[in-house]
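There are 2 protein chains.
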Amino acid sequence: MSSRFEVTILGSSSATPTSRRFPTAQLLNVSERFFLIDCGEGAQIQLRRYKIRFQRINHIFISHLHGDHYLGLMGLISSMHLLGRKKELVIYSPKGLQEIVDIQLKISATVLNYPVKWVELNPDVPEVIYEDSQLSVTTIILNHRIPCCGFLFREKKKLLSLDKARITEDKVPVEGFFSLKSGLDFKDQSGRIFRSVDYTLPQSQPRSYAFCSDTRFDPKVAEQIAGVKLLYHEATFLHELLDRAEKTAHSTAKEAGIIAKTAEVGKLVIGHFSVRYNDMEPLLAEAKSEFPETDIAEEGKVFQV
Amino acid sequence: MSSRFEVTILGSSSATPTSRRFPTAQLLNVSERFFLIDCGEGAQIQLRRYKIRFQRINHIFISHLHGDHYLGLMGLISSMHLLGRKKELVIYSPKGLQEIVDIQLKISATVLNYPVKWVELNPDVPEVIYEDSQLSVTTIILNHRIPCCGFLFREKKKLLSLDKARITEDKVPVEGFFSLKSGLDFKDQSGRIFRSVDYTLPQSQPRSYAFCSDTRFDPKVAEQIAGVKLLYHEATFLHELLDRAEKTAHSTAKEAGIIAKTAEVGKLVIGHFSVRYNDMEPLLAEAKSEFPETDIAEEGKVFQV
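As given, the protein sequences belong to chains A and B, one line each in that order.
If you count by our numbering, then the first sequence holds residues 1 to 305, one letter each, in order.
If you count by our numbering, then the second sequence holds residues 1 to 305, one letter each, in order.
Mixed in with the good hints, there may be bad ones.
Computed from the model, here is a short list of chain A residues facing chain B with C-beta under 8 Å [unchecked claim]:
no.: 1; residue: E41
no.: 2; residue: G75
no.: 3; residue: G266
It should be emphasised that the hints constitute simulated quantities derived from the structure, not laboratory data.
Backbone N, C-alpha and C fix where the C-beta goes; we use that ideal spot for every residue, glycine too.
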């Protein structure tokens, strides 16, 4: 079985919370590594609600410094401290967030029990900001009223699995295994060639997830996320409010669908809904008219990649 | 009927929210004037949950700058702005909060649609910080790890109501009415004396509410709130954790009861419970052992004064 690669929606509202919706926050679980993406007010409450042990989060990615995307961070940092965290926490954010946090720590006379490492995002150029043996995270340059980055999480190619039956049958020498698993053909001392494709099992494509919020409609975003398996794209308004979307540097549901179609993604999830909407079905229908494989972000929903 | 004087509990947890409890926030309604006392993370969510129109809040009192008492403020200020507020908002707080808010407004490139007036509290001396025709608010000097003020809301004495039957019967001259209502005796031109007590109806005592959180046990607090009708006093721990209470500058439930008894208050409400407690009954029982007229703060509970 494949390891986990799943996104849990903690908040789907834009601007302000409502009685049913929280501001933006998501948890990405990649093989039990936990990444928090944005941290709107109440994110720690949502983490508790969905029984996610938040001390397991070691990396927090903040897209931009509008309150509905980061106001829950100070509380989460503080709770991690009060509940005894010792492990380093890495926070990725456009410039300014460290200053906001540090002044609050100073005024409350708090010295955290654990180190925080701040990584300042460059809002002008996509950069690889995180990398481990399984995964890389690259920023996506978004187009909003203030500096704003999306995040592209991409699984690395793994070694292929050997087709043990055929290996045994054809007596492939052990010293060829690593080449075959790496996708390379192997030539033994006699000059016989073993093709990787013949001795390995078909592998699924590496999984990937792109988070794009907040942003106005921008085809450059589509270029950066071409072929991604799962795309979360903001869809603050219905297209009838295009004027309002343009004025506030947000996207409509139709525009989110166009981005998904242009980028040929596997699946689209829309969210960051204006508080004016109680029923999200019209937003879903509008995005689907451009890109049928679309779903709606709702608190507690889990999307498997 | 008497006008409203009631406290709604929006949050009763200390330090961090739990899945059932929010950090400190309360709404005081005095004759449809709305005062917010502390504003922990998620206060705006709680205001919505209890259908309190938060644009009606014109005064916010912040006791101190530990996150569990103010982290919901930035979101509330921001939502008031996004939802079109024009009216002035007055915020009372120890030094530092304006700096915390201003830097966040600056970094998010937000210019509020409405004026905020900041009133810096003096944490060393009780002061009258608010006054209108019905009510005064005086700070209470608390004893915590950082500068911290409680708040004493006290109804002003109103004019007495005339006993119309007796006024008519004894033909009291109209020019004496104001003196009688003010509690003064009146002498008419012939020298006849009309005693206020004989021509007015008995009046209930002015109502009052004291908010005392966070604080270690301190008899000086009792002096400042002597005779108050309703007292909210923090009771973070059971008395078996007195060491912990002293170390963190908090009170035990027993100590809260002693303060209520010493100050001879009408009724005590305890709150600000440590997240270690799931069942608050032992805390209630402990406070009651000192002061029987005690109740527990719980989200959504309304206490009439």
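Hint by hint, here is what the structure shows:
1. E41: holds (4 Å)
2. G75: Holds - the Cβ of A:G75 comes within 8 Å of chain B, reaching about 4 Å at its closest.
3. G266: Because about 33 Å separates A:G266 from the closest Cβ in chain B, which is outside the 8 Å limit, the hint is violated.
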